[in-house]
Amino acid sequence: MTARPLVEPLHLLRGVLVAGGVSSVGLVIVLLTYSRAIDGPYEELRASVLFAAAALAIALLWGIIRKIPTLALAILAAISVSPTVLVHAARAANRGASVVVRLDGASSYGATFDVALQGASRLELDDGQLVLKAPSGSTGFLTVRRPVVPMHRINLPRVLTLPDAISAREEVTLTAAVSRENAYFILIETERVLVQLTSWGVHLTAPDGRGTPTGTSRSAPMQNGESYSWQLSRAPGRATLMRDGVELWSGPDPGQLGTIRLGETRTDIEHGGTLRIRAFAYSKLVG
Amino acid sequence: MIGAFSLPGRAEVRSAVAGALPHGIVGLVVAQLHLALPSSAEPHLALAAGVKWAVLSWIVSEALAVAIMLARPVLGPKRPGEADAGRGTLLRIVGVGAIIIAAALLRSPGRLVLNLLGFAMVTVTVCWTVQRRAGWGASARAASIVVVLAFFPTHLDYPTPPLKVRVLPDNPFNWSTGWPSGEWVLRHRVELDAPWPEKGASITFIGDREYIGPAAILARVNERDLGPMRREVSGHAIIELPADVARGQRMFVIELRTSISDPALRLTAQRWTGGATAGSGASSYFDGERWHTGTFNDALGSPKPGVYVMLLGPL
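So the sequences go chain by chain: A and B.
Residue numbering for the first sequence follows numbering that gives the first Met the number 0, starting at 0 and increasing by one per position.
Residue numbering for the second sequence follows numbering that gives the first Met the number 0, starting at 0 and increasing by one per position.
To be clear, the hints were calculated from the coordinates, so they are not data collected in a lab.
Don't take every hint at face value.
Claimed, not checked - Ranges of calculated distance between the beta carbons of each label pair, as one might list FRET restraints: (1) Lys198/B <-> Glu190/A: 30 to 36 Å; (2) Ala278/A <-> Ala277/B: 35 to 41 Å; (3) Trp199/A <-> Gly181/B: 31 to 37 Å.
Said to hold, decoys possible - Far from chain B, by Cβ distances over 10 Å, these chain A residues were calculated: (4) Pro40; (5) Tyr227; (6) Gly236.
Just so we're clear, the structure is a prediction, and the values are computed from it rather than from any experiment.
Beta carbons are placed, not taken as given, at the ideal position from N, Cα and C, and that holds for glycine.
Looking at chain A on its own, in the form it has when it is part of the complex (with noise of 0.2 Å):
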């Protein structure tokens, strides 16, 4: 008496091209939908896709040898590519997802600010503002905390998990009164542009085309003392500043913003003034 297969060889071979053809054009899929920013580097996924591959030949082979059912072997074959295929899919369906870090309350500043104060500057709470006193000679400045993502989180885009990803989007928003005591005042200070105020409007320091830093005045009248929304934003390829809604610059993307400073940061007398903050908020989004 001869053993009965447990499948038989035609069945055997539809499942093992079912499952194998529906788990092989996931695979595809995840290739033609690639995005740095979602994904992260391309060798990296290319290395999932691979064993992805490897796993479900194997567990074809496996099928075969074993001669198991059909729904069997597409259970099986889905479970081996299914880390690549679903990590994938859940990075590219959280693509609207962003990192924030947001000033929620004056009194709170602890949590979004590292505060440095040299000399006669000082912080304060007033009316539930944080203002910034840095008279001329004395720095006194906010640094920026970097948003924390914690580690294990798979499902968001990669961009948004790795601390330098220079296919991020980011974007500074500030609402606050100036008021100047001299020629300048420090808005925002960047790794590599850096935001004045003058009694004429803006002076922006940035990169050109070539990476050198280059200046650049806009005239944008301004009273002293007066609130205005600001917005720095950068992207890959271009970076634009913002106020109330107009755009003041554009040019070429710096790179990562880095290390954000909002105060003045210099010491000579053509700086010193006060910044009085309504609001803030840092983004870092998909590009």
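Chain A is fixed; fit chain B onto it per the hints.
For chain B alone, coordinates are given in the frame of chain A:
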């Protein structure tokens, strides 16, 4: 007896291959998951993790099979003819296993005899015990577990280094690492067993030489900028974490940048990773485009697996 060393039959090979394939799937699935983790995206490390999990999966399944076979005499009688099955397989496994272990330990003659002797003693004891209770088949499976467990640590041994090792670019134990470009970042992760107590912490990275130059090392700990590190004459770089930064932390992720790129500014790295709380994945570097696990010996221009040498202590 000579027949016991004859080549395995086609059905036996087919069965062995079919038995091993699911563990390959386990390993490759783990490798995919490993690659998905934001902090560890090195394909070769992911594959190494997958291999370890595949081996672990195989050991667990074999151990379960042996346990079931051992329990069978209690649960019920053996099947007819089963007692003699697998005798040749057992001898092949033990013989081939001994050769592989000996080959793996040839570079460490001091360990060779000791390991083979230990392997022989454990194998004989385990195989005899299992064979008496559950037959040759179970004994062969138990022997294969012993072979794998004995082989696995052979690659972890290195010849003892000299007591005093100079930090040189081509030294396999200690070398120095720096910041080849302005975007370069060195990162080291310290994982703690318990939350850090109510006091500040001091972090010291060991320099390889005296440094007198314009560059400063800028420290960022747990995403918080702490400014330039203090340099000692010896070249060590020290940063002190205030109590409000260190308190309650279970992990310190330390990122080091330089104010300007200076080839003379260097820190020590080493191959031995046993002292790092996060093991071989504790150190990494960012080359301006992506993170890489390990260190980079820029004097040689090549990555080197290892960790930065650092100390963490209370203030």
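*List in ascending order the numbers of the hints, as given earlier, that are violated by the structure.*
4
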